Amino acid sequence: MDMTATRFVAEAMNATPALEITGIHKNFETFSALRDVNLSVRPGEMLCFLGPSGCGKTTLLRIIAGLETQSSGRIVQHGRDISWLPADKRDYGIVFQSYALFPNLSIADNVGYGLVNGKMRKAEVRARVAELLTLVGLPTSGAKYPSQLSGGQQQRVALARALATHPGLLLLDEPLSALDALERIRLRSEIRRLQKQVGITTIMVTHDQEEALSMADRIVVMNHGVIEQVGTPLEIYERPATPFVADFIGKVNVLRGQALGGKRFRVGDMEFECEASGSFAPGQEVSLYLRPEDRVAEHLGPDTPHRLDALVTKVEFLGSMCIAEVTAGALHGQSLGLHFSLNQMHDLDIREGQRIDIALRAQRIRVFPPKAAQS
Amino acid sequence: MSATLASAGAPVFGRAQRMRWSRDDLIARAMLLVVMGLLLTFLIAPLFSILVSAVQDKQGRFVGLAHFATYFQTPSLLRAAWNSVWVASAVVLISVPTAFVCAYALTRTSLPAPFKATVRLIALIPLLAPSLLSAISFVQWFGNQGALKFLLGGASIYGAPGIIVSEVYNTFPHALMILVTALSLADGRLYEAATALRTPGWRQFLTVTLPSCKYGLISACTVVFTYVVSDFGAPKVIGGNFNVLSVDVYKQVVGQLNFSMGAVVGMLLLVPSIVSFAIDYTVRRKIKAQLTARSVPYVPRPRRVADTLLALFCVLVCGILLAIVGMALFTSVIQLWPYDLQFTLHHYRYVLFESDMAAAYTNSLQVALYTAVFGSLTVFVGAYLIEKTRNLGWMRRSMHLMAVLSMAVPGLVLGLGYVMFFNHPANPLNSLYQTMTILVVSMIVHYYTSSHLTAVTALQQIDNEFEAVSASLKVPLFKTFVRVTMPVCLPAILEIGRYFFVVSMASLSCAIFLYTPETILASVAIMHLDQAGDVGPAAAMASLIVLTSVSVSILYSLGTRVLLARTQAWRRPRRG
Numbered sequence: 000m001d002m003t004a005t006r007f008v009a010e011a012m013n014a015t016p017a018l019e020i021t022g023i024h025k026n027f028e029t030f031s032a033l034r035d036v037n038l039s040v041r042p043g044e045m046l047c048f049l050g051p052s053g054c055g056k057t058t059l060l061r062i063i064a065g066l067e068t069q070s071s072g073r074i075v076q077h078g079r080d081i082s083w084l085p086a087d088k089r090d091y092g093i094v095f096q097s098y099a100l101f102p103n104l105s106i107a108d109n110v111g112y113g114l115v116n117g118k119m120r121k122a123e124v125r126a127r128v129a130e131l132l133t134l135v136g137l138p139t140s141g142a143k144y145p146s147q148l149s150g151g152q153q154q155r156v157a158l159a160r161a162l163a164t165h166p167g168l169l170l171l172d173e174p175l176s177a178l179d180a181l182e183r184i185r186l187r188s189e190i191r192r193l194q195k196q197v198g199i200t201t202i203m204v205t206h207d208q209e210e211a212l213s214m215a216d217r218i219v220v221m222n223h224g225v226i227e228q229v230g231t232p233l234e235i236y237e238r239p240a241t242p243f244v245a246d247f248i249g250k251v252n253v254l255r256g257q258a259l260g261g262k263r264f265r266v267g268d269m270e271f272e273c274e275a276s277g278s279f280a281p282g283q284e285v286s287l288y289l290r291p292e293d294r295v296a297e298h299l300g301p302d303t304p305h306r307l308d309a310l311v312t313k314v315e316f317l318g319s320m321c322i323a324e325v326t327a328g329a330l331h332g333q334s335l336g337l338h339f340s341l342n343q344m345h346d347l348d349i350r351e352g353q354r355i356d357i358a359l360r361a362q363r364i365r366v367f368p369p370k371a372a373q374s
Numbered sequence: 000m001s002a003t004l005a006s007a008g009a010p011v012f013g014r015a016q017r018m019r020w021s022r023d024d025l026i027a028r029a030m031l032l033v034v035m036g037l038l039l040t041f042l043i044a045p046l047f048s049i050l051v052s053a054v055q056d057k058q059g060r061f062v063g064l065a066h067f068a069t070y071f072q073t074p075s076l077l078r079a080a081w082n083s084v085w086v087a088s089a090v091v092l093i094s095v096p097t098a099f100v101c102a103y104a105l106t107r108t109s110l111p112a113p114f115k116a117t118v119r120l121i122a123l124i125p126l127l128a129p130s131l132l133s134a135i136s137f138v139q140w141f142g143n144q145g146a147l148k149f150l151l152g153g154a155s156i157y158g159a160p161g162i163i164v165s166e167v168y169n170t171f172p173h174a175l176m177i178l179v180t181a182l183s184l185a186d187g188r189l190y191e192a193a194t195a196l197r198t199p200g201w202r203q204f205l206t207v208t209l210p211s212c213k214y215g216l217i218s219a220c221t222v223v224f225t226y227v228v229s230d231f232g233a234p235k236v237i238g239g240n241f242n243v244l245s246v247d248v249y250k251q252v253v254g255q256l257n258f259s260m261g262a263v264v265g266m267l268l269l270v271p272s273i274v275s276f277a278i279d280y281t282v283r284r285k286i287k288a289q290l291t292a293r294s295v296p297y298v299p300r301p302r303r304v305a306d307t308l309l310a311l312f313c314v315l316v317c318g319i320l321l322a323i324v325g326m327a328l329f330t331s332v333i334q335l336w337p338y339d340l341q342f343t344l345h346h347y348r349y350v351l352f353e354s355d356m357a358a359a360y361t362n363s364l365q366v367a368l369y370t371a372v373f374g375s376l377t378v379f380v381g382a383y384l385i386e387k388t389r390n391l392g393w394m395r396r397s398m399h400l401m402a403v404l405s406m407a408v409p410g411l412v413l414g415l416g417y418v419m420f421f422n423h424p425a426n427p428l429n430s431l432y433q434t435m436t437i438l439v440v441s442m443i444v445h446y447y448t449s450s451h452l453t454a455v456t457a458l459q460q461i462d463n464e465f466e467a468v469s470a471s472l473k474v475p476l477f478k479t480f481v482r483v484t485m486p487v488c489l490p491a492i493l494e495i496g497r498y499f500f501v502v503s504m505a506s507l508s509c510a511i512f513l514y515t516p517e518t519i520l521a522s523v524a525i526m527h528l529d530q531a532g533d534v535g536p537a538a539a540m541a542s543l544i545v546l547t548s549v550s551v552s553i554l555y556s557l558g559t560r561v562l563l564a565r566t567q568a569w570r571r572p573r574r575g
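Chains A and Z are the protein sequences, given in the same order.
Per numbering that gives the first Met the number 0: the first sequence = residues 0 to 374.
Per numbering that gives the first Met the number 0: the second sequence = residues 0 to 575.
Just so you know, these hints were derived from the structure itself, not from any lab.
Incorrect hints may have been included.
[To be verified] List time: in silico EDC-like cross-link candidates among lysine to aspartate or glutamate, alpha-carbon distance up to 16 Å: (1) Z/Lys478 / A/Glu67; (2) Z/Lys387 / A/Glu67; (3) Z/Lys473 / A/Asp90; (4) Z/Lys478 / A/Asp87; (5) A/Lys195 / A/Asp216; (6) Z/Lys478 / Z/Asp56; (7) Z/Lys473 / A/Asp216; (8) A/Lys118 / A/Asp108; (9) A/Lys88 / Z/Glu191.
Given the structure is predicted, the values throughout are model-derived calculations rather than measurements.
Input sequences plus hints: build the corresponding full structure.
Right, here's the structure in full:
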């Protein structure tokens, strides 16, 4: 980590929020797109709005940009109330899914588009454009036109243009979804590197959980116009706050069980002590959420808890990884999908019709109200 | 976690707040109001004046539907309405099937491409000529001294037959263009499926081809019908004593100065237009929906007999089209048909320099030029405001409706509305009346719709976020408009300009109520020359219009090619 990044992380610990969003509502004629959204963005962080399409993430971004008007609520940027300011009075740079590069202007003119207006001298503009093009790795493309670049290159130009005027906030609206799979992965780390290097507070909208998990400092998971959870990628993955988050991020097995009081729960013949999202009365029906990788398959001893004798009913091959579907009498016939690496498949001889000996990582299980009762 | 989620129970603001206006919002709103005001003043208000005068007597007293009652009790007037309807129907029945066969030959056969291009080019010639030209030519071919009069065997071309054949000529390219579009949307997979099911060719035609261009056929029928009902030139020249609605409006207003009755007929003239406009509008949306569907283009396979027959048919049609425009050109360079066939440029000299209407040609050039320049600017700015700004949603929607509606108003009705509205002594815009300006304005309004749709299509093809990006970069809206939007849409803007030039060069119905001896236009002059029996000079003037429009179109395509090559380097695709 270089000096700038360290400085910004340090700043993030105690500085005033870069953006404070309070009680944002957005109602359209027939439905409400956002309901009571509250959020505070730390200086220098990379924040991702993640959720399925129609969850309100893009609407929230456009409200922050002043391209859409909230029905009520407040937005404060670095202590300045921008709630009702038009877009051109706010301080941000933006990159759209379509990049919106001006097709008739050269790359250099695109990048310098906002600078020329700022009464900068020509030589200064030229120097800044060159600096930005170098920053995004396209130092020699200034004279070309957008149609002469690949999608990924156009994306970088859009990024350079958004950064040119030194904005205090960078907004990225699904910036990678128009690219092919390989380019997308390459640009993920590129954008992240740039963002850290420049140290700019960034909000990115995406529906791709992998993108969010790999790029963000923190993720805001949204669904149906409300924020479900805010947290670091690890927090969101390991300790989902709601069944929606558990379902939406990664794969998860849902088992039916009963509460036994306190932190104890039963599934079939097995009993677990695990983290619960609320308190459940003894005897109450619950759903237990277990990730496919939360199992132990090797070095099992006689005192390993939660051991399970399971029958492999199906194997799905996914490359370096396989999902084995297993059922166990101890779970009263409920089935589980479990991850194994290809090597483990060979070493443990996991095949359809084979019995295997595994143990579940009970402390990783999350408990929620029964699935049918969730809205 | 507590730091990230601010207090959830934060107070919701009681009073409804609104976004503050930026300077760009202000400018966009102001411009929107200006364009809206223009459309209200020059489209809606004149139409409203017609409505008002239809229910008033000469002293301006309200008389309710009395004029309508009189109208419906006058057999001669009613007959004109009936005549308009059946003549228009007859034209539809001839023009649309003929155009369909040609369109089919152009799209569904493997005839050589140069042949198809030539046919298409010849078929579009009638668009460049005033509607009077075909009537004059038909008179020359089949009239009292006509070269082929003997073919009619004693029957007369004057009246319904003449109107019908002239209008078939005039409407042919309109129908052809619509049907070519409809037929080129074929989905090849349907034909492959039909062939795989061993469906014979004629059944494929009935069950696949016809249904797929159903909307195109309906659209072509309504367009042709409306054209004929509202056209004024051909019936005036070749109609003889055969009365139709459009000539009736003219007679009532110019002949008898009966404005109220003129207004009543004008309103009646509006009915078929509005009805077919409504049909056409709904149908066009469906065509658009068909266009976006995923389909595999149809590749025609050679069928020797059918292709030959279709090619022969096209040759025949083109021959007739050329014979008609050719007769006008021929008439314009000979002494006197059919007695003295010696070559002369006298007629041209006469209409350009000697007659009392010598100003007509240059007037027309001026009007066409101004219409092209101001029309394309107004239309483009208007379409931009509708498509790319975000404020005043209801106003943008009603503006779009008005822009599309202008097509449904026949030129005669619009002109009549202008007379009633701008000639009114209380109107502060009264000074516009009898000027060149009002002619230009009427042309822009009359031909607003197609230009507007061209501009909208072009604007919809460019990225929707340019305005948002420039706002985030603090670049004013108008600067992005001038630096990006206009250059990107330049081909469309030039095309709109060319269209405005060509149509206003040939337009008659719009100007017939609005010209003065000083501002007389070429098309009006043709009408007067023809009435006075000066067929040679009339043909010379008509030929001048065609030649001008042809040269402008050629210049346009050469000019745009050079211009685009120079300014649109960015359109060239990626190298390597």
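Structure-based check of each hint:
no. : hint                : verdict
1   : Z/Lys478 / A/Glu67  : 22 Å, violated
2   : Z/Lys387 / A/Glu67  : 14 Å, holds
3   : Z/Lys473 / A/Asp90  : 9 Å, holds
4   : Z/Lys478 / A/Asp87  : 14 Å, holds
5   : A/Lys195 / A/Asp216 : 11 Å, holds
6   : Z/Lys478 / Z/Asp56  : 53 Å, violated
7   : Z/Lys473 / A/Asp216 : 29 Å, violated
8   : A/Lys118 / A/Asp108 : 15 Å, holds
9   : A/Lys88 / Z/Glu191  : 58 Å, violated
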